[in-house]
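A.B. asks: Given the coordinates of chain A, work out where chain B should sit on it, guided by the hints.
Protein chains: 2
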Amino acid sequence: MSSFLVNVLPKAHTYARSKCSIYGVNCMKAYSTNWEPKEPIVRTKTIPGPKSAELKSQLSAVQSTGTVQFFADYEKSTGNYIFDVDGNALLDVYTQISSVPLGYNHPRLLNIFKDENNLKTLINRPALGVFPGKEWPDKLNSILLNIAPKGLNKITTMMCGSCSNENAFKSIFLWYQTKIRGEKGFTAEEMNSCMINMPPGAPNLSILSFKGAFHGRTLGALSTTHSKYIHKIDVPSFDWPIASFPQYKYPLEDNVAENKKEDEKCLSEVQSLIEEYKKKDKPVAGVIVEPIQSEGGDNEASPAFFRALQKICKSNGVALLIDEVQTGGGSTGKFWCHEHFNLEYPPDVVTFSKKLQLGGYFHNDDFAPKEPYRIFNTWMGDPGKVILLEEILKVIKDEKLMANVEAAGKVLKQGLLNLESEFPQLLNSTRGRGTFLAVNCSNSKVRDSIVSTLRLNGIQTGGCGEVSIRFRPALIFKEAHANIVLDRFRNVLRSL
Amino acid sequence: MSSFLVNVLPKAHTYARSKCSIYGVNCMKAYSTNWEPKEPIVRTKTIPGPKSAELKSQLSAVQSTGTVQFFADYEKSTGNYIFDVDGNALLDVYTQISSVPLGYNHPRLLNIFKDENNLKTLINRPALGVFPGKEWPDKLNSILLNIAPKGLNKITTMMCGSCSNENAFKSIFLWYQTKIRGEKGFTAEEMNSCMINMPPGAPNLSILSFKGAFHGRTLGALSTTHSKYIHKIDVPSFDWPIASFPQYKYPLEDNVAENKKEDEKCLSEVQSLIEEYKKKDKPVAGVIVEPIQSEGGDNEASPAFFRALQKICKSNGVALLIDEVQTGGGSTGKFWCHEHFNLEYPPDVVTFSKKLQLGGYFHNDDFAPKEPYRIFNTWMGDPGKVILLEEILKVIKDEKLMANVEAAGKVLKQGLLNLESEFPQLLNSTRGRGTFLAVNCSNSKVRDSIVSTLRLNGIQTGGCGEVSIRFRPALIFKEAHANIVLDRFRNVLRSL
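Just so you know, the sequences run in chain order A and B. Those letters in the first sequence? Residues 1 to 496, per my numbering, in order. Those letters in the second sequence? Residues 497 to 992, per my numbering, in order.
Isolated chain A, as found in the complex:
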C-alpha cells in the first residue's frame, strides 16, 4: 500500500477559521453551512494512527472491534470533513454509511435544542402509539407527510432500517391475509395456532427478495438479505424465494440489448418463483427491492425493470416494498430514488431510515391494520429525531441542496468516467445517480488497496459488493469537494 501523499501537507497546517479558504474562496462563503479546512489533512503514517490504536485496544476490552476504522473527534469534525483523534481530517464521502445528510456540526442543527420545547421533546420520550405529544399530528403532517412518496398518505414511524423493514413485512402479511379473509373475523383455530407459532394463525407466507440485496440483519430482514455470507452464516432463516437481480454491462449505452435481456431473465425468475412458492404452499405476499442495491455492490436496474416488476406484483396480488433506507433522502438527485422510475402506480410500501434520522415506512390505507396493537411497539420512533429531520429538511430547501447534489454529482461522475478511461486496467463500470455513485475495480484486492490508500490520502470512501467503491457524500458536498476527491483518486491510481 502506498502512502506517498502522507505528510505532503505542512505539519503545522492551521485550519483556523480565518485562514480557511478553498481555491481562494473564503470558506464561510463557499459553504454557507460551516467552515472547513481547505483540503484534507493527514498527519499519521497509518490510519488508524497511534491514538486511535490506543482507544481501540481500550474498547476491545468491552466490545468486538474488528470493524472499527478509527476513532473520530466529533467535536472538531466539520462540514464534509471528519476529524480523527490523531489530527487527521478526512474528506468524508462515506458519511457513516450514508447516514449524515448535512455533514458534521451543521450550525443550524447545533441550534435546535437551544429551544426549550425541542429540548423537552428530546428528554420526555413517549410511547408514541399510546400517549403522543400534542404536536405529533402536526409534526407528522408538516415533516413526514411533506416528503411522502407520491400516492402514499400514511406513515408508520420506527427506529431503524431493520425495524422498518420487519414491520413493513408484517403490514404486508396482514394485508395479504385480510384480502383472503374478507369481512370474516379471525377463527378460533387461527387465534390459537398463532400462539404456538403454527399455521393457519402464523401462516407460511413469504417475502421475495433479490440476490445481492441488503435489507437489514434482524431475523426477518436477514432472510431477505443476500449480500455477503458473513452477514448470514450460522443464523436460522425463513425459506423465502430469492430472484436474480440484473447484472448490467457498462457503459449502459453500449450494452442496451444485452442489459434488456438481463432484465427479462430476472423478471421471468420473479414470476416463476411466485408460482413455485405458491405450489410449495409458501405464497409470496410481498416483493422487497432496493432502487440501487447498495451494500451488495451498487447494482442498478433500469426504470423499465422496476415498472415491469410492479406489473408482475400487481398481476399476482403481491405487494411491492421499495427499500429506500440507503437511497432515500436526496443523494440520488431526487428525494426518493424510485421517483426516477416513473412507476405506473405508487409502490405499496416505502421504507426509510439513515439520513432521515429515524426509521419508518410510507404506505396507503390498505396497509394500515384496522385492529389496534397489530403494528406496535413501545416507542414507535423517536420525536427527538423528527425535530432533527425537520431542520434538515429546512436546510435542504434553504440551501438548495437538491440542486447542489445534481451539480456536484455531475462533476464527480464525469470525473470517475475520465479516471475510468485513464486507468481502464484498474477501473470500470462507473454508475449511479446524483452523488450516489460507484465504480468497480479490477478485483477486490485492488479495491481494498484503493480504499485504504485513499484514506491515507485524506479521502474516506467505502467498499461495497466484491469489487466496488461507493461514494456517499453528504448533501452539502460541492463541486470543489468533488475535484479534491478526483485529484487524489488520480494520484492513488497512478501510484498502484
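What the hints contain is simulated information worked out from the structure, not anything from laboratory work. Glycine is no exception: its CB is placed at the ideal position from the N, C-alpha and C atoms. Among these hints, one or two may not hold up.
Cut-off 25 Å, straight-line C-alpha distance, at most; resulting in silico cross-link-like pairs (DSS-like, lysine-lysine) [as the list claims (entries may be wrong)]:
#: 1; chain 1: A; residue 1: K120; chain 2: A; residue 2: K134
#: 2; chain 1: B; residue 1: K830; chain 2: A; residue 2: K385
#: 3; chain 1: A; residue 1: K45; chain 2: B; residue 2: K630
#: 4; chain 1: B; residue 1: K616; chain 2: A; residue 2: K385
Facing chain B, from chain A, some residues (calculated, C-beta under 10 Å) [to be verified]:
#: 5; residue: K56
#: 6; residue: Q58
#: 7; residue: Y74
#: 8; residue: D92
#: 9; residue: T156
#: 10; residue: K228
#: 11; residue: P369
#: 12; residue: W379
#: 13; residue: Q425
#: 14; residue: S429
C.D. replies: Chain B alone, transformed into the frame defined by chain A:
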C-alpha cells in the same frame, strides 16, 4: 363506568410552583427533583377529553390511532405527573410502558444538552461500529459496564428491545455453531447455502421461550412472544419450542407445595422440549425468559425456578438469555431483577432497553463473535441516549432512588394487599418486587373498568395479561404518591 371523582378538584386549581404542596410539605423539598401538583387534576368528563379527541381525528388521517389513549402535553408534564392537552394531570404509574426512569422534565436531564460537547454528540450520530467517537470506550466503561450484571464483561449496544433480543439470538446461534465447528473454518457448503437461506449455513436452530412471554415484535423476537394473539396473528413464525411458565397461587406463603409442583412441571417441560427439538433436528441453542413476565400478566417465577432453569441450560449446552427490557433499571428494588434469584452462574446474555434509553445486551467473551461484521448494523445504538443514561444513573445515586423504590414499593404493595382483603370479590394475587407490582381483578371486564375509572380519577395505570393491572411508576415515585394511588383506588373499588 363511574366518574364520581371527576371534578372533585377545584376547577381553578393552581399548580404554580409557590402554591404547590403535598401534605403540608413544600413540593420543592418533598421532591428533590421537580415540582408537582399536590394531587391529580381531572378536568374533563372523559379521557380522552375534547382536545385529545380532536387531535386523534387529525392523527387518524395519517396513521392508525386505535391504541392512542390521549395526547400529552410534555412541556407541562412534571415529575410523576403526565399532563394532557385538556388540562388533566394524571399521576402516572405506567410511565410510557415502564420506560421513564425519572419522571417528566427532570431538571438535570433538561440541563445536559446545554453542554456543547453533549450537544455535538447528539447531532453527529456515528456508525458506532466503524467510526466511534473518542469518548466511546470511556462512556461504555464508566456508564454501561458500571451497571453490567455481575460476571458479564462485554456490552453490545442496540436501539430498542426487539433489536436487542434479535441480536442476542444471533450471538447465541453463532456461539452454538462455533462450539460445534471448533477451530475449523466455515465450509464452502455453509458459505453458499446460507446465501439462499438454507442449512447447513443457515442452520435449523431454535430458541426456547415460554407461554405468556413477550420479547418483541420483529419476526425473530415475535417467534418467542406468546402474550396475546393480536400480536402474532397473520405473521409467519419460526417453529420454535414453547414451554409452560409457572402459574402460581397467591399468597405464595399459603401455597408453597402447590407452587413448587408447578415449577417442577414447567421445568420438566423445558427438558422434554430440548430433547424433542433435538430429535426434530431443530436443536435449542438458547432459552429466553423474563424475570417477571410483564406484558403477559406480571407472571412471576421463584428464584428456585430460575436456578433450576439455569441448571437445565448448562447441562444441555444451551445459553440462558434473561430479557430485562421491562424489569431492568431499578424498579424491582435491584438494578437487574435477576439479582433477586441468586443464580449459581451469571446468565449468558442479559438484554435491556426502555428505562435505559437505548437497547443492548451484556454478555461474556464467548458471545462476542471473533469475525467482524457478524453482529453489526449502521448505528449500533445511539451515543445521544447514552448521555441521557449517564445523567439518569447519577441522579439514581445522588437521590438514593433505589432506597426510595424499596420504601415506596413497600407502601404500595402493602396497600394493595389491604385493598385485596377489603375487596376480595374484586382483587386478588397482589405480587411483585419494589414498585414493579401487579394485582389481579376478578375478570377482564372488571380490570378494564378499573383501569379506565382510575384514569378518570387521576391515576394512569396499565393492564397486562387477561385480568391484571400493572404498576410501573418512575423511580422518583414516593410513599406520598403511593398513598394517593391507594386512596383513589379504594374509592374506585367502592364505586363498582
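A.B. asks: Would you mind marking each hint as holding or not holding in the structure?
C.D. replies: Outcome of the hint check:
no.: 1; hint: A:K120 with A:K134; verdict: holds (12 Å)
no.: 2; hint: B:K830 with A:K385; verdict: violated (32 Å)
no.: 3; hint: A:K45 with B:K630; verdict: holds (19 Å)
no.: 4; hint: B:K616 with A:K385; verdict: holds (14 Å)
no.: 5; hint: K56; verdict: holds (8 Å)
no.: 6; hint: Q58; verdict: holds (4 Å)
no.: 7; hint: Y74; verdict: holds (4 Å)
no.: 8; hint: D92; verdict: holds (9 Å)
no.: 9; hint: T156; verdict: holds (7 Å)
no.: 10; hint: K228; verdict: holds (7 Å)
no.: 11; hint: P369; verdict: holds (6 Å)
no.: 12; hint: W379; verdict: holds (6 Å)
no.: 13; hint: Q425; verdict: violated (30 Å)
no.: 14; hint: S429; verdict: violated (22 Å)
Hint compliance for this structure: hints 2, 13, 14 are not met, and every other hint is.
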